[in-house]
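Enquirer: Listed here are the chains, written in short residue letters.
Number of protein chains: 2
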Amino acid sequence: MSEKKQVTFEDIAKYTGFSKTTISRYFNRPATVTENNRKIIREALDTLGYQENKVAHILATGKTEYVGVIVPSLELDYYSSMLDKILKTYNEFGYKFIVFVGSNDAAAEMRYLEELLAYQIEGLIIMNHTLPSMSLCSLSVPVVAIEREDRFINSVNSDNYLGGIEAASLLLEKPCDVLIHLNSPTDESIPAYRRILGFKDYCLGHGLPCDIMIRDFGYSHEELHIPVKSAFEEMENRYPGMKKGVFCANDVIANYLLGQVIRKYGGLTPYYRIVGFDNTPMAVKAAYSISTIDQQIDVIAREAFSLLLEKIRLKRAGDPAADVPVHKTVSPLILRRETT
Amino acid sequence: MSEKKQVTFEDIAKYTGFSKTTISRYFNRPATVTENNRKIIREALDTLGYQENKVAHILATGKTEYVGVIVPSLELDYYSSMLDKILKTYNEFGYKFIVFVGSNDAAAEMRYLEELLAYQIEGLIIMNHTLPSMSLCSLSVPVVAIEREDRFINSVNSDNYLGGIEAASLLLEKPCDVLIHLNSPTDESIPAYRRILGFKDYCLGHGLPCDIMIRDFGYSHEELHIPVKSAFEEMENRYPGMKKGVFCANDVIANYLLGQVIRKYGGLTPYYRIVGFDNTPMAVKAAYSISTIDQQIDVIAREAFSLLLEKIRLKRAGDPAADVPVHKTVSPLILRRETT
DNA sequence: TTGTACGCGTTATCAA
DNA sequence: TTGATAACGCGTACAA
Chain U
1456 MSEKKQVTFE DIAKYTGFSK TTISRYFNRP ATVTENNRKI IREALDTLGY QENKVAHILA
1516 TGKTEYVGVI VPSLELDYYS SMLDKILKTY NEFGYKFIVF VGSNDAAAEM RYLEELLAYQ
1576 IEGLIIMNHT LPSMSLCSLS VPVVAIERED RFINSVNSDN YLGGIEAASL LLEKPCDVLI
1636 HLNSPTDESI PAYRRILGFK DYCLGHGLPC DIMIRDFGYS HEELHIPVKS AFEEMENRYP
1696 GMKKGVFCAN DVIANYLLGQ VIRKYGGLTP YYRIVGFDNT PMAVKAAYSI STIDQQIDVI
1756 AREAFSLLLE KIRLKRAGDP AADVPVHKTV SPLILRRETT
Chain L
1456 MSEKKQVTFE DIAKYTGFSK TTISRYFNRP ATVTENNRKI IREALDTLGY QENKVAHILA
1516 TGKTEYVGVI VPSLELDYYS SMLDKILKTY NEFGYKFIVF VGSNDAAAEM RYLEELLAYQ
1576 IEGLIIMNHT LPSMSLCSLS VPVVAIERED RFINSVNSDN YLGGIEAASL LLEKPCDVLI
1636 HLNSPTDESI PAYRRILGFK DYCLGHGLPC DIMIRDFGYS HEELHIPVKS AFEEMENRYP
1696 GMKKGVFCAN DVIANYLLGQ VIRKYGGLTP YYRIVGFDNT PMAVKAAYSI STIDQQIDVI
1756 AREAFSLLLE KIRLKRAGDP AADVPVHKTV SPLILRRETT
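So the protein sequences, as listed, match chains U and L.
Each residue of the first sequence is one higher than the last, beginning at 1456 in my numbering.
Each residue of the second sequence is one higher than the last, beginning at 1456 in my numbering.
Hint data in this document are derived by calculation from the structure and do not stem from the laboratory.
Check before you lean on any hint, since a few could be wrong.
Identical copies go unnamed one by one, so any copy, or any two together, can satisfy a pair.
[As the list claims (entries may be wrong)] As a list, the in silico DSSO-like pairs of lysine-lysine whose alpha-carbon atoms are at most 30 angstroms apart:
no.	residue 1	residue 2
1	K1494	K1783
2	K1494	K1469
3	K1629	K1469
4	K1629	K1475
5	K1494	K1543
6	K1629	K1684
7	K1509	K1475
8	K1518	K1460
9	K1719	K1655
10	K1629	K1543
11	K1655	K1698
12	K1518	K1475
13	K1509	K1783
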C-alpha cells in the first residue's frame, strides 16, 4: 500500500496511447502538443495521480536548481535573519536550498561540502569562517561569501568602512567626551575589520579621542554576557563622569551593554550613547530600541543570490569571467533610535 | 574548462581496466574487492578527480536521504532555534534538509510541498500553520508536525498543559496577588492552547484569581511591541499596587513586557514576576534574564527527526503502522531566573 | 572476486 | 505533431 511505486511517463504513455516523448513534451514544450491531446494527457495524469520526479529530470538535464548554504549558527539573529532572506529568494528565482549549520569544525565543514557537491548543487553561499577562500575557490561550482574572508571567491559584504564612519558620526550628533568601539579580535582578512578602521579614521579626522576596546566576546550568545559586563566596568572606571559614545561590533553586544547600563542607571542615561551594527531583530526587541547601522540584510542576501546566479550562468556558458572573483558592497544605513 | 563533464565510474573503469560494477562495489561493498585492487581504484579516483554523484545514486536506489522542512519564519527565535537543532541532526543521521521558509500563503506552501515531493524527499517536518493536517496526511511521505494542528499527522510537542501548570507554580513561589496570562487568540486545535488550560486549572485548583488576557500579538516581532505595551497599561490600571505574576505565551512577549516594566520602574520590581515560554536565546539576552518554561527545543527537534525516521522505515517496510499518527510529548522544564 | 546486462525516470536526437 | 532510441550515472541480479 505504502510502497506502490510511482507513476511514470511510461504509465501515462501506455494509458493514453502516446509515447513517453510526447508526455515529456507535454511538460517541457506544451506548444508542440495538440490542445486536444494535451487535454487527454492532463486527464490521464490526474486519474493516475502522477507525481513529478525531479531526480530523473536532473540526471537527464544536469540542472538541479539547488544551491547549498553553510551558516555558522542560527542562534544568532544575524545569521538566521540572513538565512531567512536567502531562503525567501525561492519565491522569485525558484532555486531550492540545502542548508547546513556548521560547527567550527573544519573536518565537518568539508563533509558538508562533499555532500553538497555530491548532490550536484549549482552554487554555494557560505558564511562560515573555518575554510579559507583559497580552498573554496577550487570547487567546481561558484561560491559567494557573506561577511567572511573572501580573497579568492566572490562576496557580498556591507561597506564596513562606511559603517564605521556612520557609527562615529551618529555618536557625534550628541556631544560625547570619548568614543569607544567594542569588538572581538578581528583578523584583517575579514570584511568586518574595516569597521574598526572607518571608526578610527573618522575619530582621528575630527580630532576626537577614541578607544578601541578589543575583547574576546566569543561566538555564542551565552558567552557574550561576561565579557560585555567586564568591558562595561572598565569603561565605568576609565571614564567616570564622562559622556561615552559606544559603537558595538554588533547588535548583540549592544544589547548586552544596554542591559548593563539599565542595571546600573535604571534606564537610559546621557553617560552612554550606544550604537549597534547589523539591524537584526535584536535591536528593536531590546528594552530600549537600539540605534544601529543597518547592513540591509535583505539587500545583501538578494545581491548574494543574484551574484551567484550570474556566476552560474557564466560558468555554464564557459565564460572565463566566471572564475574571476567579484566583490560587491552594500552601503549601510544609519538608524536613529532610542539609545542615541 | 569550466564545462568539462564529470568523471564517472565508466572513466574509472576504463582507466583501471575493471568494470563499472567493481568500481561501484568499491564504494558500496568494499569488502568484496581485493585490497590491492582497492588501492588501484583509490589512486585512479584520485588522479582522475572523481566526484561522487548522488543524483544517479538516488535514481538507482530510490533513497534520497532528503527531508523537507517548512518553517514560518526565521526572524523569531523559536523557529530559528528549532531549525538549528533540526539541521544539526545531520551530524548524527546524515539526512540532508531542503528548507522553505513560509509565508502565510496557502498557495505558496502548496508549491513548496510540490517541489519537495518532486525532489523525492523521504519525509517532511512542518511548523507552518496554514495547511490543515487533513490535507497533509494524504501525502506520499510521512509528516511530523511541531507545535501546530496535528490531528491527522504525527507530531512532537511540548507538554503544554504541564507547561502551564509549571508556569503558575513558579509564579506562586513568591506570593502574588493575581496571576495573569498573556496570549494571542489560540485555536483549540493548536497544542499551545493547552498551556492556557494548564495555567487556568492550576490557579482554580489553588483558589487563586487568574486573569487570561487574550490579545492579538501578531506574528512578527515588530507587531508585538504595541499590543504588549497596551496590555501592560491595562494591567497597571486594573491591578494597581498589586503583585502581579505574569505568564507570557512566549519569551518574546515576556521580553517586551519586561521592557515595559523597566521603562516604568527602572528595573525589576516586586510588582511584577514574569515567566516566559520556550527558553529561546531571547530569554537570556534580555536586560534581566527571564524565567521561562524550557520546551527543550533540542529534545523536541531530535524527537521529531527520530519519529520521522521511524515512520520512513515503517513505510518502506510496508508496515500499516506507518500511517497511524503518533503524537509525542516532551515535558518542559522550569527555569528560574531573574524575573521571578 | 569480478563482469554482463538491465533498470531507475527523464530528456535529447533524429527520423517519420 | 509524434515516436523510437539512446543517453544521464549508478546499483544489482545473475552469471562466470
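Enquirer: Each hint: holds or not?
Expert: To see whether the hints hold, each was checked on the structure:
no. : hint          : result
1   : K1494 x K1783 : neither (48 angstroms within a copy, 45 angstroms between copies)
2   : K1494 x K1469 : within (16 angstroms within a copy, 47 angstroms between copies)
3   : K1629 x K1469 : neither (78 angstroms within a copy, 75 angstroms between copies)
4   : K1629 x K1475 : neither (73 angstroms within a copy, 73 angstroms between copies)
5   : K1494 x K1543 : neither (34 angstroms within a copy, 46 angstroms between copies)
6   : K1629 x K1684 : both (24 angstroms within a copy, 28 angstroms between copies)
7   : K1509 x K1475 : both (16 angstroms within a copy, 25 angstroms between copies)
8   : K1518 x K1460 : both (25 angstroms within a copy, 13 angstroms between copies)
9   : K1719 x K1655 : within (28 angstroms within a copy, 37 angstroms between copies)
10  : K1629 x K1543 : neither (39 angstroms within a copy, 45 angstroms between copies)
11  : K1655 x K1698 : within (18 angstroms within a copy, 49 angstroms between copies)
12  : K1518 x K1475 : both (21 angstroms within a copy, 24 angstroms between copies)
13  : K1509 x K1783 : neither (33 angstroms within a copy, 33 angstroms between copies)
In summary, the numbered hints that this structure violates are 1, 3, 4, 5, 10 and 13.
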